[in-house]
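Protein chains: 2
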Amino acid sequence: MQRYKGIVSYDGTEYCGFQLQPRDRTVQGEIEKALKKLHKGSEIKIQASGRTDAGVHAKGQVIHFDSDLDIPAGKWELAVNALLPHDIVFSTIEPVNMDFHARYNVTGKEYRYFIHLSERRDPFKRNHAYYYPYKLDIEAIREATGYFIGEHDFTSFCSMKTDKEDKVRTITSMELVEEDDMLIFSFKGNGFLYNMVRIIIGTLLDVGRGKRKPESINAILAKKDRKAAGKTASANGLYLWKVYY
Amino acid sequence: MQRYKGIVSYDGTEYCGFQLQPRDRTVQGEIEKALKKLHKGSEIKIQASGRTDAGVHAKGQVIHFDSDLDIPAGKWELAVNALLPHDIVFSTIEPVNMDFHARYNVTGKEYRYFIHLSERRDPFKRNHAYYYPYKLDIEAIREATGYFIGEHDFTSFCSMKTDKEDKVRTITSMELVEEDDMLIFSFKGNGFLYNMVRIIIGTLLDVGRGKRKPESINAILAKKDRKAAGKTASANGLYLWKVYY
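Going down the list, the protein sequences come from chains A and B. Quick note on full-length UniProt numbering: the first sequence kicks off at 1 and runs consecutively. Quick note on full-length UniProt numbering: the second sequence kicks off at 1 and runs consecutively.
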């Protein structure tokens with residue numbers, strides 16, 4: 001038996017999230033179906049670095065699985081991609097030590113969030129960026145991002161639907177880039193709570209529109225109350241960009 | 001009564017083409033439904049510069065319609081866009097003379113065709129470019145494009161399902177640009193036959209793979225036989241880019 005680590009990119013638009021569900025179409029469901037075909041009907045379970053929600057995308061989600069199929073190096077991803085729908089694509093599938101675990105060994109993650117700033121919608125961006133037609137004070141947003149860096153209790157920026165007790169996480173960097181009519185956020189940290197990036201974005205958009213001051217982030221963090229923060233920004237702008245081990 | 005000219009962009013992925021059909025979802029159907037709502041239930045017929053097929057996109061399709069609604073300049077497109085699905089977006093809707101006709105007054109069109117050249121599919125490009133994993137001789141393709149320029153009988157490059165008798169058209173320019181992993185063709189001409197751009201692309205891809213010589217284009221044109229040309233390239237790479245009047 002050999003363990004494999006796969007790096008997979010997917011367009012989350014047509015999926016009810018990553019995690020397997022009995023009735024709905026999920027990314028995990030499609031990958032396990034493809035692996036089952038490849039293994040002539042044997043069930044292969046995969047483990048991912050974490051879930052992504054309905055409509056959320058991934059450029060570098062990481063999974064692992066075990067197999068005793070003998071497929072030459074460099075051919076695994078071709079074999080699996082050939083059995084997957086075109087909105088899920090593995091960039092690599094490589095052998096790893098049996099003690100590698102896609103979830104337990106995660107040391108950090110990068111998420112990106114894309115906002116399409118324009119007076120006019122773009123039909124070709126609708127599923128891959130959050131459309132936001134209002135003027136934003138980018139400098140105020142940039143100032144506000146500074147308050148998130150470091151170790152904080154992110155209770156105010158976590159969905160109340162979570163089952164996690166410990167809400168302390170460390171954000172190591174937050175960058176903001178403007179590219180044409182796109183505003184792109186990059187978040188790196190040791191872990192992210194349920195909806196955390198989307199609630200941070202919703203709150204930063206309030207800052208950008210002048211509804212909150214940049215320095216108000218400190219008070220929101222201190223309140224440890226989801227209601228103190230802004231709305232959860234929509235799923236279509238969010239990408240799980242990279243997983244670190 | 002006032003005539004309006006609208007420039008509209010759409011993602012053709014989820015439509016059975018532009019032209020109204022009794023049962024299927026079409027771009028014309030959605031636009032006329034939105035206009036009917038805006039006109040409190042009165043039917044408004046639109047005329048377009050021409051049809052586009054299922055899965056074909058538009059950046060600058062042009063339509064006209066007549067209305068006696070009194071909407072201030074600059075607000076028409078906002079009013080209509082608000083009633084449309086997000087994959088159809090008007091950039092402008094402006095008053096024109098009553099003798100303007102979106103189809104009869106066309107003097108030329110530009111189409112673009114996007115080919116995604118990569119060893120790996122990209123889940124985010126799957127509906128908006130034709131994925132082509134094979135190595136291409138770009139210089140041979142560039143040489144072949146030269147044979148299309150000018151006035152020709154394009155019978156060999158027209159679907160046999162056409163109802164047009166006269167197959168003589170003039171291509172005024174054909175450009176080829178490489179941008180990252182995208183190969184982008186731009187075609188300008190006085191008119192294009194049914195599937196003409198897609199059959200030209202299918203034939204140029206044969207040239208790029210060495211299956212045909214660039215100079216064979218002359219013989220294919222001379223044969224006036226659809227079977228002499230290459231396959232019809234897929235709809236997802238094609239964009240009606242601009243209409244000239």
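Simulated from the structure, these hints should not be mistaken for laboratory data. Among the clues, some could well be false.
Here are the computed lysine-lysine pairs in the BS3-like style, where the Cα-Cα straight-line distance is at most 30 Å [stated by the list, open to error]:
no.: 1; chain 1: B; residue 1: Lys59; chain 2: A; residue 2: Lys5
no.: 2; chain 1: A; residue 1: Lys59; chain 2: B; residue 2: Lys135
no.: 3; chain 1: A; residue 1: Lys5; chain 2: B; residue 2: Lys125
no.: 4; chain 1: A; residue 1: Lys59; chain 2: B; residue 2: Lys164
no.: 5; chain 1: B; residue 1: Lys75; chain 2: A; residue 2: Lys135
no.: 6; chain 1: A; residue 1: Lys59; chain 2: B; residue 2: Lys59
Against the structure, the hints:
1. B/Lys59 - A/Lys5: violated, 41 Å
2. A/Lys59 - B/Lys135: holds, 25 Å
3. A/Lys5 - B/Lys125: holds, 25 Å
4. A/Lys59 - B/Lys164: Given pair A/Lys59, B/Lys164 is violated - Cα atoms ~46 Å apart, limit 30 Å.
5. B/Lys75 - A/Lys135: holds, 19 Å
6. A/Lys59 - B/Lys59: Measuring from Cα to Cα gives roughly 27 Å; hence the hint holds.
Of the numbered hints listed earlier, those contradicted by the structure are 1 and 4.
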